[in-house]
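Protein chains: 2
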Amino acid sequence: MNKLDHIRIVLCQTSHPGNIGAAARAMKTMGLSRLYLVRPRKFPHAESYAMASGATDVLENIVVCETLEQALQGCSLVIGLTARKRELSHDAISPREAAAEALVIATSQEAALVFGGETSGLSNEELILCQRLAHIPANPKYSSLNLAAAVQVLAYELYMAAEAPQAAVKRLQLATHDEVEGFYIHLEQTLIDIGFLDPALPKRLMSRLRRLFTRARLQKEEVNILRGILKSISKK
Amino acid sequence: MNKLDHIRIVLCQTSHPGNIGAAARAMKTMGLSRLYLVRPRKFPHAESYAMASGATDVLENIVVCETLEQALQGCSLVIGLTARKRELSHDAISPREAAAEALVIATSQEAALVFGGETSGLSNEELILCQRLAHIPANPKYSSLNLAAAVQVLAYELYMAAEAPQAAVKRLQLATHDEVEGFYIHLEQTLIDIGFLDPALPKRLMSRLRRLFTRARLQKEEVNILRGILKSISKK
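Those protein sequence lines, which keep their order, are chains Z and P. Position one of the first sequence corresponds to residue 1 (my numbering), numbered consecutively onward. Position one of the second sequence corresponds to residue 1001 (my numbering), numbered consecutively onward.
Derived by calculation from the structure, the hints in this document are not laboratory data. Yeah, the Cβ is synthetic: ideal placement off N, Cα and C, and Gly gets one too. Just so you know, not all the hints are guaranteed correct.
Distance condition first, Cα-Cα at most 27 Å in a straight line; then the derived DSSO-like pairs of lysine-lysine [as the list claims (entries may be wrong)]: (1) Z:236 with P:1231; (2) P:1203 with Z:203; (3) P:1203 with Z:220.
Selected chain P positions facing chain Z (in silico; Cβ < 7 Å) [as the list claims (entries may be wrong)]: (4) 1149; (5) 1152; (6) 1156.
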């Protein structure tokens, strides 16, 4: 099962039909396919098709609704996107957090990301239906993302969270836990041998080095290189 | 100083002037302002201004160049965006990694992100000028992001890395470019001294190690620890 199939994008009262097409294209590039429209000003429309490029299948499967409630039927999690200052309490989450939350739900249930119209965003009545608010961090002097660009950012974060790490892990061949631990033991012994680490007074040295290498997420080949260096130090 | 001011976006041979405007808007929402064009098909053009919305200042400061070399003058790091399969060796980095690398450079030097034309992407001659390739992970069946949407994704990652975690960055006190470069020189010399690196046959060892430590984003104190270890090795 593809988790992304359990996530719908809902566009409320979209003014420009071109944005609907561009949003469909943005979705398809990131493996999303389920687009809902609530009272679009103009749809269907030739401009939507022009902007969708090769994503006409997404347009053809669009569900057009009269109310946001209808568009959210069956959803266990509803995240509303907002750019308005007054709604930006400390509770508004980032696109990355929103993607993570949506994917947790999407393993077995439905989740929705809801975008307001181009000019005024989500209305108060629409916001009430959202369990979570999300906000795309932006230039405080000019935070006006194009609607399809905002969809692209959220779709990208969803894809990164759902698909990319798997591919990346395979491609990079991350070192296993045992391999990394073997490196730390080797590193610690070498640091003792060269007199940098006093085993009677180790302080936090190894935990600091562990943190550094944990952030880097060591690959198999990198562990081999690092242990090769440690071996060369011993032979010196 | 704002690090984002040290990062330029370079669009090569853009066909649609609307995309130039949309890219300018995407940049401005994420605090970027420096847009370079290499042989755009049509610019200046009314469509660029229409799509830029409130980002006309970015359009007005555009630098138009005849060659990519001209657009890259003064850059210490050049990252090329590619979607083509055959360039996707294991070396292509993600937008998140590209943003992290660009920001390390942007503390004191200039970095460029280079985007190819809408239909064929970057040419081989253009790719040769890029020190790094980056790739936006996408649906393998439909990976055709709109040009401005691709700019939005990279600009978003830059903003997230530069601005959103500011508090964290301050707390961590990242090492400066010079400090990190000083460490690499010290590391390389030590690897030669212990016989691990043959200066006559260096292969890609240093670039692999650089990549590892770039991913970790070294802190000042970590550079001090690592150089302390290198000193102890020399004394052994």
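How the hints compare with the structure:
1. Z:236 with P:1231: 14 Å, holds
2. P:1203 with Z:203: 37 Å, violated
3. P:1203 with Z:220: 18 Å, holds
4. 1149: Nearest chain Z Cβ about 4 Å off; hint holds.
5. 1152: 4 Å, holds
6. 1156: 5 Å, holds
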